[in-house]
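Position chain B against the provided structure of chain A, taking the given hints into account.
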Amino acid sequence: MTRADAMGLLLALIARLITGAQGHWKGCPPKAEQRIYFANHQSHLDWVLIWAALPRELRATTRPIAARDYWTGGRFKHWLTREVFNAVYVSRQRSDDQDPLEPLVDALRNGDSLVIFPEGTRSNKGPPQAFKSGLFHLAEQFPQVQLIPAWIDNVQRVMPKGEVVPVPILCTVTFGAPVTLAPGEDKRDFLARARAAVVALQPAESQLQTATG
Amino acid sequence: MNQLKAWSADQQVALLFVVLFGLLLLASAAVALLTLRERNALQEDGYERMRRELRAVWAGAVVFWAAWVSGPAGATVLFGVVSFLALREYVTLVKTRRGDHRSLLLAFFGVLPLQYVLVANLNFDLFSVFIPVYVFLAIPVVSALAGDPQRFLERNAKIQWGIMVCVYGLSHAPALVLLDFPGHSGRGAFLLFFLVVVTAGAHLAQTTASRYLRRRPVARHIDRNFSLRAWGLGIAAGAALGAALFWITPFEAGQALAMASIAAAAGTLGELVMSALKRDAGVRYWGNTSSVTGAVGLLDRVAPLCFAAPVFFHSVRWYFQLKP
Chain A
1237 MTRADAMGLL
1247 LALIARLITG
1257 AQGHWKGCPP
1267 KAEQRIYFAN
1277 HQSHLDWVLI
1287 WAALPRELRA
1297 TTRPIAARDY
1307 WTGGRFKHWL
1317 TREVFNAVYV
1327 SRQRSDDQDP
1337 LEPLVDALRN
1347 GDSLVIFPEG
1357 TRSNKGPPQA
1367 FKSGLFHLAE
1377 QFPQVQLIPA
1387 WIDNVQRVMP
1397 KGEVVPVPIL
1407 CTVTFGAPVT
1417 LAPGEDKRDF
1427 LARARAAVVA
1437 LQPAESQLQT
1447 ATG
Chain B
24 MNQLKAWSAD
34 QQVALLFVVL
44 FGLLLLASAA
54 VALLTLRERN
64 ALQEDGYERM
74 RRELRAVWAG
84 AVVFWAAWVS
94 GPAGATVLFG
104 VVSFLALREY
114 VTLVKTRRGD
124 HRSLLLAFFG
134 VLPLQYVLVA
144 NLNFDLFSVF
154 IPVYVFLAIP
164 VVSALAGDPQ
174 RFLERNAKIQ
184 WGIMVCVYGL
194 SHAPALVLLD
204 FPGHSGRGAF
214 LLFFLVVVTA
224 GAHLAQTTAS
234 RYLRRRPVAR
244 HIDRNFSLRA
254 WGLGIAAGAA
264 LGAALFWITP
274 FEAGQALAMA
284 SIAAAAGTLG
294 ELVMSALKRD
304 AGVRYWGNTS
314 SVTGAVGLLD
324 RVAPLCFAAP
334 VFFHSVRWYF
344 QLKP
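If you read the protein sequences in the order shown, they are chains A and B. Heads up: the first sequence begins at 1237 in the numbering used here, then just goes up one per residue. Heads up: the second sequence begins at 24 in the numbering used here, then just goes up one per residue.
In short, the hints are calculated from the structure, not lab data. Heads up, a few of these hints could be off.
[Unchecked claim] Heads up, simulated DSBU-like pairs for lysine-lysine below, C-alpha to C-alpha not over 30 Å straight-line:
| hint | chain 1 | residue 1 | chain 2 | residue 2 |
| --- | --- | --- | --- | --- |
| 1 | B | K118 | B | K301 |
| 2 | A | K1361 | B | K118 |
| 3 | A | K1262 | B | K301 |
| 4 | A | K1368 | A | K1423 |
| 5 | A | K1267 | A | K1423 |
| 6 | A | K1368 | A | K1313 |
| 7 | A | K1313 | A | K1397 |
| 8 | A | K1262 | A | K1423 |
| 9 | B | K118 | A | K1397 |
| 10 | A | K1397 | B | K301 |
| 11 | A | K1397 | A | K1368 |
| 12 | B | K118 | A | K1262 |
| 13 | A | K1361 | B | K301 |
| 14 | A | K1262 | A | K1361 |
| 15 | A | K1423 | A | K1361 |
| 16 | A | K1313 | A | K1262 |
| 17 | A | K1368 | A | K1262 |
| 18 | A | K1368 | A | K1267 |
[Claimed, not checked] A few chain A residues facing chain B, derived, Cβ under 10 Å:
| hint | residue |
| --- | --- |
| 19 | P1265 |
| 20 | A1268 |
| 21 | N1390 |
| 22 | M1395 |
Every residue, glycine too, gets a C-beta built ideally from N, C-alpha and C.
The following block holds chain A by itself, in its conformation from the complex:
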């Protein structure tokens, strides 16, 4: 076992100890198919949580997206994202000649699965924001890749904004049924539908909580 593998196991163990990281597979079984998981984004822990909720065999081929300027900044950060998580780096500055989705497209051509947070930023309060169009373009280019919606629940209580130490509170990740792009479907319609598929996975009890604040 390499150092990176050991680090991965340790992180998954910590995530389980702190949050339980329970995966509920409601709409699809955890299978080694090529997939794009897309989820709501509330905290820095979201990626680790999804990753820990996946069965171990799937973790190696499921990759996160990381901002290149931040995650290659320090030696440890770079090592962690490169060796442990095998992240796909994207640059946040948009240059004219390069498609920002290009690294993602390369990864999907490679046969890897991806986890993306289509809101683009973290939304701590209330329902998820509108989805960015990247998901639509990927769905268009890779019709054979399954798009799995996921809802991450409770994680904002584990580590609220501005705190660094997480409090142990149980969280769940609910995976729903695959969403497919209908032939000729409009971008806006598809993104709204995808967002609705994510929101629909929110457990009833936590919906109540969001409503009452």
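Okay, now just chain B, sitting in the frame of chain A:
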């Protein structure tokens, strides 16, 4: 019987575990044989529940055995972990706010380990007052410093209550194992075993009684099954079990009866309090696998012990004038 008395403490405890695991094996085998028969959906449900309960008992027995085998340090760490998991489940279910973050960190990473260190060090005097005195002052201070005045009292009460039940209560279980009874040293495992058997027996008797008696519930909105008659029967069953087991404890038969009824009463009332808490949090079962929290139902299982252990421990310590 006399021959058994001549054995060393370790041998006696070993025998206890051989008997315990033997009984569990028999029970598992019986359930496995029963499931071979054809059955309808309703029976299927019952079997599923039985298997789940049996698994929980197995897990409990293994924890208990591991606690004994690994000595004082191991027992403390083990119950510390159970305590941590129970508190995690509790905090998930009672709704906390952002301002509680620091207080919760203090509870999980400060209070919990310290309390168990005190147990392992046998500082029983400090161990008894550490949480009720020092922590109950510290938690509101940390909360106040977080600067969120909304529902201040309610939030603090939630956290303090969680610490009281999941940490303070449960930490008395390893304390029982480590309690030094004159002329009974090294046999602390028997005391814990006694306590667990009595509370579990009382719980079982009460549930069975309430199913058959169908008396008017005392507090309908909290627990439909809790009636005074069933509760009394539960205590009586616990006391009888305790009296029958007096020979594994340092007690006389009469003392065992009294101690067992105290433990049984505390355990069954603790369950009532826990169901009130559940109702408040809006959950039917802690162990509901489909609930938002994915809680595993640990809290449900340890709750009677959390209430019975401190009462039992302090009754024993006070009555027998034990010095640490």
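Checked hints:
no. : hint                : result
1   : K118(B) - K301(B)   : holds (12 Å)
2   : K1361(A) - K118(B)  : holds (16 Å)
3   : K1262(A) - K301(B)  : holds (26 Å)
4   : K1368(A) - K1423(A) : holds (10 Å)
5   : K1267(A) - K1423(A) : holds (28 Å)
6   : K1368(A) - K1313(A) : holds (26 Å)
7   : K1313(A) - K1397(A) : holds (20 Å)
8   : K1262(A) - K1423(A) : holds (26 Å)
9   : K118(B) - K1397(A)  : holds (17 Å)
10  : K1397(A) - K301(B)  : holds (29 Å)
11  : K1397(A) - K1368(A) : holds (23 Å)
12  : K118(B) - K1262(A)  : holds (25 Å)
13  : K1361(A) - K301(B)  : holds (26 Å)
14  : K1262(A) - K1361(A) : holds (25 Å)
15  : K1423(A) - K1361(A) : holds (26 Å)
16  : K1313(A) - K1262(A) : violated (34 Å)
17  : K1368(A) - K1262(A) : holds (25 Å)
18  : K1368(A) - K1267(A) : holds (27 Å)
19  : P1265               : violated (17 Å)
20  : A1268               : violated (24 Å)
21  : N1390               : holds (7 Å)
22  : M1395               : holds (8 Å)
Figure legend: structure checked against the earlier numbered hints; hints not met, in rising order: 16, 19 and 20.
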